[in-house]
Every structure is written in C-alpha cells, then in structure tokens.
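Just so you know, the protein sequences line up as chains Y and F, in that order. Letter by letter, the first sequence follows residues 1 to 141 of our numbering. Letter by letter, the second sequence follows residues 1 to 122 of our numbering.
Calculated directly from the structure, the hints in this document are not laboratory data. No false leads were mixed into what you were given.
Cross-link-like lysine-lysine pairs, in silico, BS3-like; alpha carbons within 27 Å at most:
{"hint": "1", "chain 1": "Y", "residue 1": "Lys112", "chain 2": "Y", "residue 2": "Lys27"}
{"hint": "2", "chain 1": "F", "residue 1": "Lys92", "chain 2": "F", "residue 2": "Lys21"}
{"hint": "3", "chain 1": "F", "residue 1": "Lys65", "chain 2": "Y", "residue 2": "Lys136"}
{"hint": "4", "chain 1": "Y", "residue 1": "Lys27", "chain 2": "F", "residue 2": "Lys92"}
{"hint": "5", "chain 1": "Y", "residue 1": "Lys136", "chain 2": "Y", "residue 2": "Lys81"}
Here are the chains, one letter per residue:
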Amino acid sequence: MSEAVREAKQKGRPEFRNIGITDITGKYRMPPSAIVSILHRISGAGLFLALPFLLYLFQQSLLSESSFGYFAGIVSHPLAKLVLLGLSWAYLHHFVAGIRHLFMDNHFALDKDAAQSTARWVLIISLALTLLVGLKLFGVF
Amino acid sequence: MATKNNIGPRRLVVGAHYGVKDWLAQRITAIVMAIYTVILLVSFLTGQNFTYEGWAGLFAAQWFKLFSLVTFLGLYYHAWVGIRDIWMDYVKSAGLRLFLMLATIFWLLACAAWTVQILWSV
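Could you put the whole structure together from the sequences, leaning on the hints where they help?
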C-alpha cells in the first residue's frame, strides 16, 4: 500500500482486524454480492446434507405404485411441504446464483455497480421462483 | 513456459492445474444440471394431476434415464468440488480435513450407486 493511501485515513470509518463471524454477521453491512455469495455456499452445503432425504423420496416416488402412494403421503404433510419449500429455495438460489457465476466467468457484468445489480436480481428471481414452486406445492394452481 | 520447467529441481511447484480442472468440471456439470432443472421445473409447474403413471412414464424412457444418470453423476462431482472447497476453507486440522474429504467421496460414491438403483427400478 502506498504512503499516500495509508495516510489519508477515512474519518469515522470502522476498521476491522482479526475478523470473526460476529463482525461479519453483526457489524458489516454486506453488499448484495456478498449475501448472494454466502447464501450460494450455505444453500449448496444444505442441499448436500439433504441428499439422503431427497434420494429416499425420489426412490419412493419411482419404485412402485404403492411406494408412490407412500411418497405422496409424506409430501402432503404440511411440515414436509415446508421443508421441501426451504430446499426448493436452496436449489433455486443455487441455480440462479450459479447462472450469474457462469456469466461472470465469461466477463459479463464484472464492474462494481453491475455486479451488485445482478446480485440483487439473483435474490429477487430466486425468491420469485420459490414463490411459484410454493404456490404449486400448496395446490394454488 | 510450464513445459520447460516441469522436470527436475527447477520445476514449477505451483500451477499444476489441479484447480483449473475442477473449476472447469464444476462449470460444465452446472450447465448440464441447469438444462435438466429447466426441464423438470417446467414440467412441474405446468403439470396437472401428478400421478405415478405420468411420473414413472417420464423415467421409463431410456434416453431420460441416461440423461438423469449423467446429470446426477455431474451433480455428485459438482458437490465434491464445492464441499471440498468448504473443508479447505474452514477446517484447519489436516487430519480432520483428510477424514472429511474421504467421507465426502465415499458418501457421494454411495449416492451414485443408489441413483443407478433408483433409476433402473422403473
């Protein structure tokens, strides 16, 4: 860092050293891109952990007519629907944020403003898609 | 440049391309999964009367079985890269990290075998 930058310390700006999780969650004001990034990681990890549950449901849905009935029974429970809605959001967020990633890999929307704007859109589109899945899941259409 | 320095004591100790391979694999598997996702999402949102015949009928076709298998295998490779990144970022102890990585590999291999069983039970 050059001397000029070091000496021109911004007044009133908080300074973070040895940052921990409480600084990140409590004190930082995370920009949309940071929120999308950490949610991308959390949703991916959550989906990985949910694999046995999802594969089990997948198996029951395909094995036979009677196991399909069993599957339909589990899935029709409101609590199961809520869990599935949560996992749907995780999947759709990961999906939409991943598409943003692929565009950025190809040098689209890399500057600061564009990156924040696309991050906001990722949050909006994934929530909208989740809402759509939720309405279908709870039998609205 | 890399080929010149690849042998002997003066070889390049960084840039062995391990990262690039996984990075690229994660992107390619992502594209396959994205296409699969769009197909399933559209059929879920536009479908009426969700029945066993319709659902199993979709998976009964050989091309869809194979497409599903390729997508799921891609998913497991994709998950391996992502979960490995998480272990590398947060787990400082080398022994624990190795254990978690091996557990992830074995678990994903088991998932792959389970997926074959599920798909070919239809």
